[in-house]
Amino acid sequence: MRLVIPLMITFVAGMIMILQFFVPATQPMGDNLQEWYMIVSSAAIFLGAANLITVHVHKIRFKARNWKYSPITLIGFAVMIITGLVFGIEADLPFDYLFQQMVAPMAATMFSLLAFFVASAAFRAFRASNWRASLLLVSAFVVMLGRVPIGSMIWNKIPIISEWIMQYPNMAGQRAVMIGAAMGMIATSLRMIFGIERSYLGGAD
Amino acid sequence: MKRALFVLPLLALTGVLFAQSGGITSMDGGDCFIESLTAEDAPNDAGGGVDITWTVALDTALPDSMVLERKDDSGIWAAISTLNPINGRKTDNELENGMEYSYRIVPFYAGTAQDPSIEVSASSSTQWIHSGRIGMLITLVVISLVIFYYIDQGKRGKELYIRRIAGLTAVEDAVGRATEMGRPVLYIPGIMDMDNIQTIASMVILGRVAIKTAEYGSSLLVPTCRSVVMSVAQEIVKESYLQVGRPDAYKRESINYITDDQFGYAAGVDGIMVREKPAAIFMLGTFYAESLILAETGRSVGAIQIAGTAMPSQIPFFIAACDYTLIGEELFAASAYLSREPKLLGSLRGQDIAKLFFMIVIVLGVLTATLGEAWEPASKVAVFLKTITSVE
Chain A
1 MRLVIPLMIT FVAGMIMILQ FFVPATQPMG DNLQEWYMIV SSAAIFLGAA
51 NLITVHVHKI RFKARNWKYS PITLIGFAVM IITGLVFGIE ADLPFDYLFQ
101 QMVAPMAATM FSLLAFFVAS AAFRAFRASN WRASLLLVSA FVVMLGRVPI
151 GSMIWNKIPI ISEWIMQYPN MAGQRAVMIG AAMGMIATSL RMIFGIERSY
201 LGGAD
Chain B
1001 MKRALFVLPL LALTGVLFAQ SGGITSMDGG DCFIESLTAE DAPNDAGGGV
1051 DITWTVALDT ALPDSMVLER KDDSGIWAAI STLNPINGRK TDNELENGME
1101 YSYRIVPFYA GTAQDPSIEV SASSSTQWIH SGRIGMLITL VVISLVIFYY
1151 IDQGKRGKEL YIRRIAGLTA VEDAVGRATE MGRPVLYIPG IMDMDNIQTI
1201 ASMVILGRVA IKTAEYGSSL LVPTCRSVVM SVAQEIVKES YLQVGRPDAY
1251 KRESINYITD DQFGYAAGVD GIMVREKPAA IFMLGTFYAE SLILAETGRS
1301 VGAIQIAGTA MPSQIPFFIA ACDYTLIGEE LFAASAYLSR EPKLLGSLRG
1351 QDIAKLFFMI VIVLGVLTAT LGEAWEPASK VAVFLKTITS VE
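Keeping their order, the protein sequence lines are chains A and B.
Here the working numbering is used: the first residue of the first sequence is 1, the next is one more, and so on.
Here the working numbering is used: the first residue of the second sequence is 1001, the next is one more, and so on.
In case anyone wonders, no lab produced these hints; they're calculated from the structure.
This structure is a prediction, so every number in the text was calculated from the model and none was measured.
Do not rely on the hints blindly, as some may be mistaken.
[To be verified] Below 30 Å or equal to it, Euclidean Cα-Cα: the simulated DSSO-like pairs (lysine-lysine) are:
(1) Lys1343/B with Lys59/A
(2) Lys68/A with Lys1355/B
(3) Lys63/A with Lys1277/B
(4) Lys1343/B with Lys68/A
(5) Lys59/A with Lys1071/B
[Said to hold, decoys possible] Label-pair restraints from in silico Cβ distances:
(6) Glu90/A with Ala1061/B: 40 to 48 Å
(7) Ala108/A with Lys1090/B: 35 to 43 Å
(8) Glu1094/B with Met106/A: 37 to 45 Å
(9) Ser1390/B with Tyr168/A: 36 to 44 Å
(10) Ala43/A with Ala1289/B: 55 to 63 Å
(11) Ile16/A with Lys1090/B: 28 to 36 Å
(12) Glu1100/B with Met106/A: 55 to 63 Å
Just so it is clear, CB atoms sit at the ideal spot from N, CA and C, and this is done for glycine as well.
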């Protein structure tokens, strides 16, 4: 029974989701399943919060390695919850102020790091070590040049070549990846719906 | 092949379930601004919808606005929507199936209602098959049968050739390296929830990786971005440790929730990388802009990195920053590849044959569409191929 019930749930839920795509009459059942998932997912937020608190309290209590960061996490967590519960989350209230003045700038800072990481990754990727890497280097250079005003100033055909590279060779490659991934998704879904793949149930294969 | 029988009802549905349309009523509007008004059952829905379509006369004075009205049970017209005075279409939803509903449009000039259009009627009904998806349904059934056939072949012990995937062959080496260096293995399952197929595939691979870490005695860290993913990961890792007889080595707190926020999660995982200095990092699942931030940080701490995603826009970043990258379908093949189970390998073979089918369809589609410009039968073949490979 430990195996049969999860397998049955997976089979029924999976078949309903497939059917609702092709049989409009079963769409309400699919919508219901998705609503159930939202409810389960919302309830699981408490699990996440409980895990966060447990892990960091445990670290502080036993003075685990790097435990000094844990109080900051817990204080930040508590402050955001308290301000949200006490004052509400509307604009110009403490929660919104903290979000706009602290959370948003910190997220923007992380995002901005991407510029430097792109530069370092590009530096490595664009080494002309063989003919394929050289081809990549030349196409990337043309695409980058075509996306900035100086490209068209150098030669007015560069933006057109850049667009052609993006629209044809690049798009063809991306679509090939997507078609392959779609096949993988179908095979994975079938394996799970029909109980062929059981490793996610643990020791059941 | 017995499993294929479950799929056959889907095929059967395509032939018998064509209960379509609740009828069309179309009227000319006489001298009214509304030239024609049509009401019909909304196609391909679960019922409760009527499509109303109208065209306006271009040679009469333009009204300020128009109001679409529906007659209620007591015969009184009630406004249900204000329309722009142009040709258009609107779906009236949440209606009772089988009941006849009447509609008309009233034009307003300077705030005054003028003569309404002629009324039209229609009833809504439930459709049992989506007419725009029949071709895809047949294709899906055929692909499923091919996959089941090869699963069956695998189970019967037929030797199936599966090409070597370097990224997956390196999984054992990566875990072994972490063990030798006495450093942890970091597994990042992406930033999406459990309703995403890539996250599901990632969880299956996590089970295989956890078996290796349990066997080698390495510590495994799994920071997650979603609570549900955390719960699932905890159960999968626990079961893997039990499977190899090392329940004592399982540490629940090693699989923890960080935050739902994309860059908050990236910052948290970066922090773990810098502090814990993992020897092996797995990034398998759905990634967006944080992919390169994570991969470059991982590289900076000297970890061997194996990444995999089906997000075409993130694959180049992983290729540039990681040692091995599973591209698209390889992510979904990983579980079967690592387990070497014949029936799972059979599904990979089926997947490859299905891909071959699509390659042939694409080549035929290009040829017939090109020839179809000059030769009509070829264009019909191109339309057929498009029908079986696309959905509305």
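Now for the hints, and whether the structure bears them out:
no., hint, verdict
1, Lys1343/B with Lys59/A, "44 Å, violated"
2, Lys68/A with Lys1355/B, "52 Å, violated"
3, Lys63/A with Lys1277/B, "19 Å, holds"
4, Lys1343/B with Lys68/A, "50 Å, violated"
5, Lys59/A with Lys1071/B, "68 Å, violated"
6, Glu90/A with Ala1061/B: 40 to 48 Å, "47 Å, holds"
7, Ala108/A with Lys1090/B: 35 to 43 Å, "41 Å, holds"
8, Glu1094/B with Met106/A: 37 to 45 Å, "44 Å, holds"
9, Ser1390/B with Tyr168/A: 36 to 44 Å, "21 Å, violated"
10, Ala43/A with Ala1289/B: 55 to 63 Å, "29 Å, violated"
11, Ile16/A with Lys1090/B: 28 to 36 Å, "30 Å, holds"
12, Glu1100/B with Met106/A: 55 to 63 Å, "59 Å, holds"
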